[in-house]
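Take the given structure of chain P and dock chain A to it, following the hints.
2 protein chains.
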Amino acid sequence: MSVGLEFPSSLVPIKGVRLASTSANIYSNKRNDLLLIELDKGTVTSAVFTRNIFCAAPVKIAKENVNNFKPRYLLINSGNANAGTGEKGIIHAKSTCQSLATITGCKMSQILPFSTGVIGEDLPVEKINQSLPELVNKLSNDAWLEAAQAIMTTDTIPKAISRQVILNGVDINLTGIAKGAGMIKPNMATMLSFIATDANISKEALDIAIANAVNKSFNRITIDGDTSTNDACAIFATGKAKNNLIDNCNSDDFIEFERAVINICCDLAQAIVRDGEGATKFISIEVSKGKDQDECLGVAYKIAESPLVKTAFTASDPNWGRILAAIGNSGINDLNINNVSVYLDDVCIVDNGERSKTYTEESGKKVMVQEEIKLSVNLNRGACKEEIWTTDLSHEYITINAEYRT
Amino acid sequence: MSVGLEFPSSLVPIKGVRLASTSANIYSNKRNDLLLIELDKGTVTSAVFTRNIFCAAPVKIAKENVNNFKPRYLLINSGNANAGTGEKGIIHAKSTCQSLATITGCKMSQILPFSTGVIGEDLPVEKINQSLPELVNKLSNDAWLEAAQAIMTTDTIPKAISRQVILNGVDINLTGIAKGAGMIKPNMATMLSFIATDANISKEALDIAIANAVNKSFNRITIDGDTSTNDACAIFATGKAKNNLIDNCNSDDFIEFERAVINICCDLAQAIVRDGEGATKFISIEVSKGKDQDECLGVAYKIAESPLVKTAFTASDPNWGRILAAIGNSGINDLNINNVSVYLDDVCIVDNGERSKTYTEESGKKVMVQEEIKLSVNLNRGACKEEIWTTDLSHEYITINAEYRT
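Here the protein sequences line up with chains P and A, keeping their order.
Take 71 as the starting number for the first sequence in the numbering used here and just add one per residue.
Take 71 as the starting number for the second sequence in the numbering used here and just add one per residue.
No wet-lab data here; the hints were simulated from the structure.
Misleading hints may appear alongside valid ones.
[Claimed, not checked] DSBU-like cross-link-like pairs, simulated, lysine-lysine; straight-line CA separation at most 35 Å:
1. A:Lys140 / A:Lys111
2. A:Lys85 / A:Lys111
3. A:Lys427 / P:Lys130
4. P:Lys164 / A:Lys140
5. A:Lys100 / P:Lys435
6. A:Lys158 / P:Lys164
Isolated chain P, as found in the complex:
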């Protein structure tokens, strides 16, 4: 089940990027679960990773390699997170990198490994290594849809988007993929997202663009409040568009390019929410007129992660008392509740801290039955505004997560 999400179409190949995916039999029911991405020489790569202390072995390796070496390959498996696997996990991930380096002739440090799936099980190194020659042979420019499918876990629909931006008359293309579904409250990036562009941009400028974009997209979503051990988002710029080098973060080109990265990241982040485990609703929560970003996000996440608010959304029940209770729990000790107002789309449900005089149960219900809902909270005490995206909490979520491993 997903909310307002269409199967990807019209994906634009990115010059200098080739992909291949296959089944390495990591999943017991055969499906593609291994993805290789090849980057042309000269490609600039930036990445951000989970802040979960128990970060996975591949995250540790990729973190080190992305900034110290020039990545040529990304090797990504689903079905196994290679997290909670200690020193052995590092050895396993490095073993797959070494095999790929031998086949392709690049250095081991030029490979970024990524994993997603069950935590705590040993990475099936042999299965992965045996699949590498086939992957290298299959590399092609237009395998983006298959790539998006190979990294899925409990996702019900692949997530892939292309965007274009014109810089000084030069067409710049961006194509990105992502996977999500559960354990989603990225604290740096989402589960996994990979974005390619043919833009010509410096490493420093790309680092800044992706950090800003992630902060406005993947760091603004929550499905269940659980930050994964494997979150990662990487962007690679091949430079094949031959635009003038973007290396000044104050230039118009940078601002235009960054906007395109933000847009594609927001679309992918929202796609993850729309396909969240058990999602029946897509909910935008905007908290405005807060004193600062922290308090706006604090209120927004408290609402978004309240099981009671989430189940009220599932039931299409305008049980706004639960929203008030969540606001009241968000830790703003000097909040004057008499100034707080709450809207469901355009319907004012709470005004001056109590039920609005114009509010009727029918008008609230009319919004709540929709698949897409905007919940706005006005704190009336500052100038800051933040928006995040989340889902409801349905029986399907319980079913998926009580049965995922067993």
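For chain A alone, coordinates are given in the frame of chain P:
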């Protein structure tokens, strides 16, 4: 459904305390929903209340009255929280207090009102006021079980316990009731709990005893991480046991008495968890060898409130990777994961930050299928230890909360 919880029996009346309950037709399906508790003159009362900023109208009134006046009556309704009701809510609560004061001849300020139920609906003042004469006529010493039943909302079983303690040869009795079920992460007290004792104790000493007891009991439970707008716990000491006045917090008598209060509060708090909405498991989470209380509780609550950990418990699935991910998300940035160990009862599942060499899936499963499970996390970096209690997250929770109002 509740876990290991028996119907209350052998409730001991407390001299100086009379109770009566009835149906004021607040619930559409007729059941007792209004409780009156009468305290003899000279009774000393202490109470602690929710820290939710959107606290309910009765909380505001009771908070003021309990410390400034000598309470003679507690008037408690279920089915309506009188929260999110603004100034009107205060007027409504005061109106019921005024009616009761007129009938009983006490001052309005000597009445403590409490409400629990749906947030945001007007208190049915007329219905309550019409029931007061009947309640006053029915007051009796041994109506504790009916009292526990009258304050239930989605609770499936009434919660009431009696305890005895002997101070210098004098028998001291305590009888307490509580209600819980959902929106349970007390940040001061639980939804509602009332404890009576015949002990002779000063107001100051009673304040300290209940504050300490609540901190070790109701402030150590979570069902869904949502702190209610109406949490309150009150204790009243009638002095009828005629023990020597307890007024020194360093005395043996105080320490003995406080221990009895802690015990009854822990039993009531655990009863709330055992009857948590949709609960199929009762889970104790102990975090030891942390640097301080904050980090022990931070880790414990992060695990207890992770929807992924909770659904793994529902499925009896020893999916320990989710537990590691929760620990990794708890905000201890300098945690050395190589020192962390995790146990399910006596089974070591994680040692030195990775799966224990002695661990087998079968041994984990054997613990997970139990109704009562102890999960222990050793951080190995300090001397602090904390324990909290929680439930799993089942389909029943979703059903209850998607249907509670509709």
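Taking the hints in turn, this is what the structure says about them:
For the given pair, Lys140 of chain A sits about 8 Å from Lys111 of chain A by alpha-carbon distance, which is consistent with the 35 Å threshold. A distance of roughly 12 Å separates the Cα atoms of Lys85 of chain A and Lys111 of chain A; the hinted pair therefore holds under the 35 Å criterion. Proximity of Lys427 of chain A to Lys130 of chain P is assessed by CA-CA distance (about 23 Å); at most 35 Å being required, the pair is judged to hold. Straight-line distance between C-alpha atoms of Lys164 of chain P and Lys140 of chain A comes to about 72 Å, which puts the hinted pair past the 35 Å bound.
Distance check on the hinted pair: Lys100 of chain A and Lys435 of chain P sit about 27 Å apart at the alpha-carbon level, within 35 Å; holds. Straight-line distance between C-alpha atoms of Lys158 of chain A and Lys164 of chain P comes to about 66 Å, which puts the hinted pair past the 35 Å bound.
This entry does not satisfy hints 4 and 6, going by the numbered hints stated previously.
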